[in-house]
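Quick mapping for you: the protein sequence lines, in order, are chains A and B. To convert a position in the first sequence, counted from 1, into our numbering, add 1469. To convert a position in the second sequence, counted from 1, into our numbering, add 1469.
Hints were generated in silico from the structure; no laboratory data involved. Everything numeric in this text was worked out from a predicted model, so none of it was measured.
The list makes no distinction among identical chains, and a pair is therefore deemed to hold if it is satisfied within one copy or across any two copies.
List of simulated lysine-lysine pairs, DSBU-like, C-alpha gap at most 30 Å: (1) Lys-1800 with Lys-1751; (2) Lys-1497 with Lys-1532; (3) Lys-1649 with Lys-1809; (4) Lys-1519 with Lys-1578; (5) Lys-1809 with Lys-1497; (6) Lys-1538 with Lys-1809; (7) Lys-1649 with Lys-1574; (8) Lys-1590 with Lys-1751; (9) Lys-1707 with Lys-1649; (10) Lys-1497 with Lys-1649; (11) Lys-1741 with Lys-1751; (12) Lys-1751 with Lys-1809; (13) Lys-1574 with Lys-1584.
Protein chains: 2
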Amino acid sequence: MSKERVCLIGSGNWGSAVGKIVSENILKHPDIFERQVRQWVFEEDFKGEKLTDVINREHENPKYLPGIKFADNLTAVPDLVDACEDATVLVFVLPHQFVRGVCDKLSGKIPSNAKAISLIKGLEIKPEGVTLFSEEIARLLGINVAALSGANIADEVAQEKFCETTIGCRSQADGELFFKLFNTDYFHVNVIRDYVGVELCGALKNVVAVGAGLSDGLGYGSNTKAAIIRLGLMEMRKFGQTFFGGVEDTTFFESCGVADLITTCSGGRNRKVAEAFVLTGKPIDELERELLNGQKLQGTLTAQEVHQFLAPRNMTSEFPLFETVYRIIYKGAPIDSIVKDI
Amino acid sequence: MSKERVCLIGSGNWGSAVGKIVSENILKHPDIFERQVRQWVFEEDFKGEKLTDVINREHENPKYLPGIKFADNLTAVPDLVDACEDATVLVFVLPHQFVRGVCDKLSGKIPSNAKAISLIKGLEIKPEGVTLFSEEIARLLGINVAALSGANIADEVAQEKFCETTIGCRSQADGELFFKLFNTDYFHVNVIRDYVGVELCGALKNVVAVGAGLSDGLGYGSNTKAAIIRLGLMEMRKFGQTFFGGVEDTTFFESCGVADLITTCSGGRNRKVAEAFVLTGKPIDELERELLNGQKLQGTLTAQEVHQFLAPRNMTSEFPLFETVYRIIYKGAPIDSIVKDI
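Looking at chain A on its own, in the form it has when it is part of the complex (with noise of 0.2 Å):
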C-alpha cells in the first residue's frame, strides 16, 4: 500500500501550531505517512530573507509563530501547485477568501483518491444560501473533505497546553487517518460523523461572542453571560438543524459546540470589540480601525449574513439572539435589548 503525502495549505499562526502536530505526528506513523510533509507559504520578506528559506533553515516560522519549533520533516515550499504536487492528504487551514482561488489553482492536479481536512473558520451565508467551506473544496476537487474545529487558540497549542478539538468525518477510513494525523497527548480529537455541526459552530459562535461582549459592556455579570452562551449555543443548534440534514445534539457537546464557545465567550476579539462598543459608543467600523488595524470583526459581519439570510425566509423571530445582535450593531437598537428581546 503506497503512504500517504500530507500538504498544509496555509501557513499563518493557526497554520504553522498545526504544521507543528502533523510534522510531528507524521514521525510516529512511518508505516502510514511518507516522511516529508510540504507547507504551501506565501512567500513574504522575512528581514531580508524569503520567509520559506528561514522556515527551511530555522524549523520554525519566526513571523507568524516565532519560538515554536516544527519537526524537520516539514519543509515550506512558496509555489502552491509544487507543494500540492502528489498529495493525498490536503490541509486546509488559511483565510476563507483565499480558498477559491486556491482551489482553482489546484483544479485537475488532486488525485480523486486524495482527501482532504478543513480548518477554515467561518461560513458564506448569503441570502440564497448558506456555504460551507468543506463542501465547497469537494465539489471543485472532486474529492472527500471533513472540518476540524474545537477550543484551539494556536498559541496555547503551539505550547503545548492541553486542549481538545472535533473532527467531523463521513468515512470511517478517513477519519481514522486525521486522528493519526492530528491526536496527541496534548490535543485530543474527538472524530465524529457530523462535519457540517462542526463548521456551523466555527462560525455561529462569534456571534454570540458580541452578544456575550456586549453583556460585558453593561456589567451584566456571570448569570447574563452563562445565560446568553447557553442561548446562543441553542441558537447554533436551531439554526444547524433547520438548514441542514445530519446535525446532531450531541455535536454541541464536543470541543467545536460547548468547548469552543466558551473560550470565545471569555476571551477573543468578538468580545471584546463588543464590550469596547458599549463602553465606548463608537460604531463598529470606527471600532476596526482601531482596536483591529482595520481587519473585519467576524462575529458582527456573521449576524449581518445571518439576518440577510433569516429575512426573506421570515424567521428572523426564530433565532431572537442572532437578530438582537444584528439590530443592536447595525440598526441603532438599545443595548440592553440584548437581553429584553431574547
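The hints should help you fit chain B onto chain A, whose structure is shown.
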C-alpha cells in the same frame, strides 16, 4: 377552587432573593395564589431586634440580602409549623443539612395535596447510594416534589439582572404552577420533566469547578479550561445516566446544566479555593479556615463522596475528571494530572 397558599422554608441569601420573586409574582396572579406568602425565618438577633420583626417592618432581610425589598405581602414567621400551616405550596430553600430536621417537624402536618419544590443545593452521596433531596422530602412528607436549579447567583438575581433557571417537575400541572410562581421578565424559567438531572447538575458542577480552579492555578489558559468544563459536563451526564433513570441529554443544555457550570467555573468559591490550593500549596482544610471562615468547600467534599460511591463499584476509571480531582486534593497526586489523567 381554593387558592394556593405558599410558604418559603428558608431565608438566607438565596431564600431572600427567591422571596422577592415569589412575593411579587403572587400579586400578579390573585386568582391562583392567596395574597399572603409566609417565610420561615430562623430567628436571630439583628442589631438588638428580632430579625423577623425587622423583615416584617422593612420588607427586607438586612442580614442576608440588604438593600432589596420584598413585596409587602411577605410575612416572616419564626415558627416553622406556624409558617407552614395550611400551606399547599412549600418552597425549600435552605442548607441541605437542615432538611431532615425540618421534615421531621412538618411530618403529618402537611396536606397530601400539597406540592413542594426544592431549591436545595447538593446531594447526599454515600457508598451505598445517592439521595436526592427532592426525593427525600417526598418520602418524608408524602407529597410530590420538584427541583429548581440554574445559573443563579443570588445577588445578581436580586438586582434583576437577566438570567435563566430550570425547573424539573414530573407533573405538568405542578410545572405550570411553579412557572407562574417563579418566572419573571428577568428570571426566565424553563420547565422540564427531568428533576433528577436538575438536582445532579447542581451538586456535580462543583467538582468540575475544582478542576477548573486547578487549571487556573497552573496557568493553563482558556483552551484547557474549556476542555475541563466540557469533560466535566460529559461526566455529569454519564453519572446521571449510569446511576439514575430518566436523565436526558437535553437537560445538560438547560440553565441548570451548561449555564450554571460556566458561571461556577468562572467565579465561585470552589474555583477560587482550588486555584489557591495550587498557588499556596496549603491543604484544603487550611484554606477553608482562611478563605471560608471554616465552612466546608462543597466541590472537594462531593469529589470525595463520588469517589467513595464509585470505588466499591469499580467505576472510578469511568469518571477520570471526578477521580483526578479527588486524587489531587486528598491523595497527593501531582496537580498536572488534572490534564494528564483525564
